[in-house]
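Enquirer: Line by line, the protein sequences are chains A and B. Just so we're aligned, residue 1 is where the first sequence starts under UniProt numbering, counting upward by one. Just so we're aligned, residue 1 is where the second sequence starts under UniProt numbering, counting upward by one.
Just to be clear, a hint being listed does not mean it is correct.
Said to hold, decoys possible - Footprint (simulated), chain B over chain A, 3 or more residues, beta carbon under 8 Å:
#, region
1, 30 to 39
2, 169 to 176
3, 226 to 239
Said to hold, decoys possible - Some chain B residues judged to face chain A by a derived CB distance under 7 Å, without partners named:
#, residue
4, Leu168
5, Gly355
6, Gly358
Just so you know, the hints here were simulated from the structure itself, not pulled from any lab data. All C-beta atoms in this analysis are idealised placements derived from N, C-alpha and C, irrespective of residue type, glycine included.
Protein chains: 2
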Amino acid sequence: MSVAVPLSLSLPPSTETVAIALDERGYDILIGPGLLDAPASWQGLPKAAAALIVTNETVAPLYLDRVRAQLAAHYGRVDKVLLPDGEQHKDWNSLNAIVDRLLATASDRKTVLVALGGGVIGDMTGFAAAIYMRGVPFVQVPTTLLAQVDSSVGGKTAINHPLGKNMLGAFYQPARVIADLDTLDTLPPRELAAGLAEIIKYGPIADADFLAWIEANLDALLARDKAALAHAVKRSCEIKAWVVGQDEREQGLRAILNFGHTFGHAIETGLGYGEWLHGEAVGCGMVMASDLSVRLGLMPADFLPRMRRLIERAGLPVVGPRLGVERYLELMRVDKKSEGGEIRFVLIEGLGKAGMRGAPDALVAQVLDAHTA
Amino acid sequence: MSVAVPLSLSLPPSTETVAIALDERGYDILIGPGLLDAPASWQGLPKAAAALIVTNETVAPLYLDRVRAQLAAHYGRVDKVLLPDGEQHKDWNSLNAIVDRLLATASDRKTVLVALGGGVIGDMTGFAAAIYMRGVPFVQVPTTLLAQVDSSVGGKTAINHPLGKNMLGAFYQPARVIADLDTLDTLPPRELAAGLAEIIKYGPIADADFLAWIEANLDALLARDKAALAHAVKRSCEIKAWVVGQDEREQGLRAILNFGHTFGHAIETGLGYGEWLHGEAVGCGMVMASDLSVRLGLMPADFLPRMRRLIERAGLPVVGPRLGVERYLELMRVDKKSEGGEIRFVLIEGLGKAGMRGAPDALVAQVLDAHTA
């Protein structure tokens with residue numbers, strides 16, 4: 001689907017734009033304050049008779065009416081689906097609620113879906129858009145920092161299955177991403193920190209200068225300074241777009257985006273979903289993966305305290321739960337990225353450079369001993 | 001996913017091959033007798049630890065063991081899922097049975113799905129492959145004539161929803177299609193005729209010479225002559241591939257593949273699914289659409305009796321059920337291809353050339369009067 005996006009001059013002047021180039025499916029990420037209420041944010045989207053906003057009970061009271069008002073200028077009918085809030089609702093029932101609504105309103109194959117919320121809403125709405133009549137357009141309006149940096153690029157959509165996270169899904173690209181930084185003003189501090197974890201990640205895996213920039217600007221980010229947030233979100237999206245552009249279907253390079261995630265997923269699963277936020281588990285997982293990089297001789301010893309200090313300053317946990325080494329290893333062996341039972345870690349091989357490697361169990365055990373309590 | 005397909009010289013000498021070129025997702029369709037038991041048919045498929053055969057209760061006793069034996073030479077584990085037979089089971093429950101089996105066996109993202117059966121099995125298996133872990137490879141082994149000519153090309157996968165046929169799905173390409181003509185020996189005569197309907201279709205929409213060839217060879221096709229079947233399946237796949245290659249995502253040209261389908265879908269829905277086979281409804285629908293082409297002055301008068309005679313000889317119905325003109329119009333207005341309530345017909349504009357057009361209700365009524373009883 002080719003979507004022309006004539007960006008109007010009337011966007012707020014502070015708006016940053018990241019153009020994602022993907023053959024015929026390219027799109028723009030708009031980043032900045034004041035975007036929800038700027039008519040220009042909504043111009044040039046795919047034409048259709050109707051749009052359907054998908055959001056949740058937490059986000060709807062804050063932003064639904066404003067988004068609906070903007071869409072009403074472009075679509076004859078604007079419907080909504082209100083889903084319950086939370087990762088535990090990222091399932092077939094919620095997906096079905098979206099599909100049922102589309103069919104009940106006799107929505108045709110041009111209907112535009114609008115995901116208004118965090119990563120869960122974005123993942124589910126994107127998957128519904130991917131499979132309804134084999135594909136309708138969708139727009140991402142991420143309202144959490146994590147969703148703005150992580151779900152905006154890469155086209156991963158999914159729902160969970162009782163037997164596994166993100167087990168059903170599709171690679172499917174949005175027609176546009178509208179990341180209004182003002183929506184972060186209402187974000188709880190834990191969720192802000194969880195978003196910062198994914199931003200911090202991009203430094204060690206791809207950009208040493210960006211790591212230094214984050215260290216110098218972390219206080220501004222924590223104070224929700226709009227200019228600092230705009231740069232952090234933009235640079236994260238650019239790096240992710242560069243990585244994904246070389247490996248859209250996750251055959252190889254893209255795996256480096258999972259720095260900290262192998263340990264992190266084990267923490268999430270081991271504690272039960274919902275105990276720690278995903279970003280919190282990734283933060284702690286990055287400490288462990290940094291230590292493993294040092295113990296394998298890939299990085300000098302001062303890399304570990306540098307990463308731990310930054311992650312701690314961001315308000316993220318740096319000590320994992322004491323699940324036991326055997327349990328950690330078991331959880332990491334069923335990771336989606338493991339192959340034939342061998343655990344594969346994303347490790348730092350120089351500031352701004354990452355790779356996938358295995359590691360001796362004994363060394364992993366040392367890491368777990370050092371960073372769990 | 002790039003799949004190298006080194007076609008061995010040891011394929012049966014009568015094998016026809018159609019190479020489908022789709023950037024990185026190209027694949028081969030093998031057509032001929034004796035393919036199921038030819039080791040060469042199964043060489044060069046994507047490597048994986050395991051394969052999962054999806055089939056149904058009717059097909060399994062005939063071919064499951066033979067396919068399993070061939071796959072066992074390439075995959076360490078070969079599992080199976082047995083689904084109930086029939087279009088009414090092309091739903092979320094069957095899809096879930098496939099996914100549950102994949103998860104229960106801890107299948108990774110390289111696991112190869114093998115669809116062994118007709119169009120229903122192919123559509124569901126393809127959709128499961130499209131969404132399991134955001135995409136695993138799959139192989140089509142179509143065992144009906146309809147599936148060999150229709151599901152082999154185009155990448156359409158789907159399940160039905162209580163509110164509509166094929167409402168949830170994806171465009172997703174197989175790694176290979178193995179169309180063994182020997183499997184047609186066990187096909188009931190009604191199903192053979194239903195497959196012939198889709199073959200006949202390719203003449204008027206794209207290839208006048210092929211229409212003449214079908215007329216000259218229909219008796220051989222009905223007698224299940226392998227050489228005649230091989231040519232008919234091959235030419236149908238080639239034409240479909242040519243059309244789809246120009247319009248993979250069904251934005252325009254691809255709609256001509258629906259010649260006879262607008263009237264046909266109305267017959268299927270009006271009678272209730274399962275009364276007529278899809279191909280039977282399409283056969284009768286082609287008579288109606290041929291007549292409409294003549295009444296609109298697009299084709300000379302002798303085109304209608306020529307088409308009606310051929311469709312009748314194939315053992316297909318040429319007179320539709322008397323649902324009433326208003327009911328027909330109502331059913332055709334909710335067709336997935338209608339836009340803003342206007343019915344769009346695929347009409348013949350010269351032998352081997354088709355286009356999409358609207359038509360006055362009064363003319364459509366004349367057509368329905370002439371061909372229903």
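Enquirer: Determine for every hint whether it applies to the structure shown.
Expert: Hint by hint, here is what the structure shows:
no. : hint       : result
1   : 30 to 39   : violated (count 0)
2   : 169 to 176 : holds (count 3)
3   : 226 to 239 : violated (count 0)
4   : Leu168     : holds (5 Å)
5   : Gly355     : violated (20 Å)
6   : Gly358     : violated (16 Å)
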